[in-house]
Amino acid sequence: AAEPPLIAPAPPLAWRVAPALPPKRREDNRPLSDSDAEGSAGPSAPAWCDGYLEALVAQDDLDPDVIFGVAAPPCDLDSIFPTELYRSAGLALPQRRRRGSSGNWRRDGVSEAEAAEYKAKVGQLRRWGR
1 AAEPPLIAPA
11 PPLAWRVAPA
21 LPPKRREDNR
31 PLSDSDAEGS
41 AGPSAPAWCD
51 GYLEALVAQD
61 DLDPDVIFGV
71 AAPPCDLDSI
81 FPTELYRSAG
91 LALPQRRRRG
101 SSGNWRRDGV
111 SEAEAAEYKA
121 KVGQLRRWGR
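Read in order, the letters of the sequence shown are residues 1 to 130 in my numbering.
Hint data in this document are derived by calculation from the structure and do not stem from the laboratory. Here a beta-carbon is modelled for each residue, glycine too, at the ideal position from N, C-alpha and C. Treat the hints with caution; some may be incorrect.
[As the list claims (entries may be wrong)] Below, a list of computed lysine to aspartate or glutamate pairs in the EDC-like style, where the Cα atoms sit at most 20 Å apart: (1) 119 to 65; (2) 121 to 61; (3) 24 to 63; (4) 119 to 50; (5) 121 to 50; (6) 121 to 60; (7) 119 to 61; (8) 119 to 63; (9) 119 to 108; (10) 121 to 63.
[Claimed, not checked] What follows is a set of in silico ranges between Cβ atoms, one per label pair, in the way DEER data are often shown: (11) 98 to 52: 43 to 53 Å; (12) 122 to 87: 20 to 30 Å; (13) 24 to 75: 39 to 49 Å.
With the hints as extra help, turn the sequences into a complete structure.
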């Protein structure tokens, strides 16, 4: 039996089509303090916070794959934790083991049909800019 097609990785589209952001505004760039998080009296929220709930609702049906892409990038632990990092911290290098068959999840990928079914179920079908 043929395996269902897996979703092919694609670069995010939003980075290529997103409009340029306006310059930073002074009122938006203020330090936050613990009192801000606790909701006590302090500086008011930046203007861009006005209507954020409406903005969230307006993008609720947006397909996240058009922003983030359809596949997670590979996780290269050697680039995340380079040898120099261990040396600079005075730590011994960890033992590196080769991945066995249990580390190969290629056959467990999400098929295009499964992805489309999920998007329809949660209502995230709108493309960027529509």
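Name the hints, by number, that the structure is in violation of. The structure breaks hints 3, 4, 5, 12 and 13; every other hint is satisfied.
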